[in-house]
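*Asks:* Here is what each chain is made of, one letter per residue.
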Amino acid sequence: MIPEDERTRAREVRARQRRTAVAMAFALAAFAALMYFITIARMSGG
Amino acid sequence: MTAVTATSHERALPADWRDFVALTKPRVMSLVVFTGLCGLLVAPVRLHPVLAFTAILCIALGAGAAAALNMWYEADLDARMKRTASRPLPAGRMDPQSALHFGVGLSFLSVILMGVATNWFAAAILAASILFYVLVYTVWLKRRTAQNIVIGGAAGAFPPLIGWAAATGEAGLLPLLLFALIFLWTPPHFWALSLFVRSDYAAAGVPMLPVVAGAKATRRQILLYSLPMAAVAVSLWPLGLAGFVYGGAAAALSLCFVALALDVNANEAAEPARMAPEKRLFAFSILYLFAIFGALVADRWLVA
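Protein sequences, first through last, are from chains Y and A.
Position one of the first sequence corresponds to residue 4 (the numbering used here), numbered consecutively onward.
Position one of the second sequence corresponds to residue -12 (the numbering used here), numbered consecutively onward.
Chain Y extracted, bound-state conformation (with noise of 0.2 Å):
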C-alpha cells in the first residue's frame, strides 16, 4: 500500500508538470507569434 504522504508528493508532481507543459507551450505560441510579426514588420522596412 502507498502511504498518504507518498501519494500527495507523486500528485503535486504531475500538477507541476502539467503547470510546466502549459507554460511552455504558451511560451513556445507566444515565440511563433512574435516571429511572425517580427518577419511583417522587417518586410515593411522596419
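If you are wondering where the hints come from, they were derived from the structure by calculation, not from laboratory data.
Computed from a prediction, not measured in an experiment: that's the story for all the values here.
No residue lacks a Cβ here, since even glycine has one placed at the ideal position from N, Cα and C.
Take these hints with a grain of salt, some might be off.
Stated by the list, open to error - Ranges between beta-carbon positions, derived for each pair: (1) Y:VAL16 <-> A:VAL91: 24 to 30 Å; (2) Y:THR11 <-> A:PRO215: 57 to 63 Å; (3) Y:THR11 <-> A:ARG5: 18 to 24 Å; (4) A:ARG207 <-> Y:GLY48: 51 to 57 Å; (5) A:ALA270 <-> Y:GLU9: 43 to 49 Å; (6) Y:ARG17 <-> A:ARG261: 47 to 53 Å; (7) Y:THR23 <-> A:LEU249: 47 to 53 Å; (8) A:LEU226 <-> Y:VAL16: 17 to 23 Å; (9) Y:PHE40 <-> A:ALA263: 45 to 51 Å; (10) Y:ALA33 <-> A:ALA278: 29 to 35 Å; (11) A:ALA218 <-> Y:PHE40: 39 to 45 Å; (12) A:ASP63 <-> Y:ALA33: 30 to 36 Å; (13) A:HIS88 <-> Y:ALA32: 19 to 25 Å; (14) A:ALA111 <-> Y:ALA18: 38 to 44 Å.
Model the placement of chain A on the given structure of chain Y, informed by the hints.
*Replies:* Using the frame of chain Y, we list chain A on its own:
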C-alpha cells in the same frame, strides 16, 4: 555539493515555473529594462513598434539569463546569506542543472532574437554584457576583490547602449555617457546596501568593500563616486545632448544624491539599526536612476 543537499535534490519536487521566474531576478530586471527602453526612446531613429518591443524583450531575457547563470554559480554563497538563502537553488527547489540549461538557453535566445529583429551590433553588445556579468563579475571578480562591483558594474551599464544600438545600429556620445552614468552610480548604490548587510557578506566570505576596508573607507568611497556620477549626469545639458527639462531635473536629483552621500560620509554608526542615512541613499539611488532616465525621455519627447 554536500551529501545532504544531493539527497534533498533527489527528493525535491520538480521546479515550479515561479522558481524559473525568480531565477531571472525580476526586480533587478525592471531597472535594466527601463534604462534599455530609455536608450531606445532617446535614439534619433524611430524603430518599428514590434521591433522596439522585441529589442526590450531581448534586453529583459538577456538580463534574466545572466541572473540565472549568476544564481547557478553562486548557489553556495547564496545559501550562506540570509538575504538570498530562500532563492530556488539554495532552498533546494531546483536542481543546478536545470538552472544552468535555463540560463544558457535564454542567453542564446535573447542574442539571436536581438540580431534577427534589430541588428547584430546590438546583439553583440547584449552578448558582451551577459558574458561580462557572468564571467568577469560573477566568476572572476566577485570572490576575489573589493573592487568587484566597480568593474562588474559595467555589466549593468550596457542596457541604454543596447537600446540605442538596436535603433541606430551604432554607438554614440549620448549612450556612452549614459553607460558612464550607470557605471559610476553602481558603486555608491551597492556599497550603501553592503554597509547595512555587511555581516551577511562577511559570513559568506564575499570581499565587499565594507568587509575588507571598513565602513569609514566605504563611506568616503561612496562620496567620491557620487561626485563624478553627478558631473556626468549634468554634463548632458551643457554638451547639448539634452535640454533644460533634463538639465534641471538632473541637477536637482544629483544634488540630492550628493547631499545624501555627504550624510552617509558623516555617519559613524557600526550597527545596521543606526544606518538610516545608508538606507536612505540606497532607496534614493533607485529612484534617482528611474527619474533621471525618465527626465531624459520626457525632455526628448515632450520638449523637442
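*Asks:* Check each numbered hint from earlier against the structure, then list the numbers of those it violates in ascending order.
*Replies:* 8
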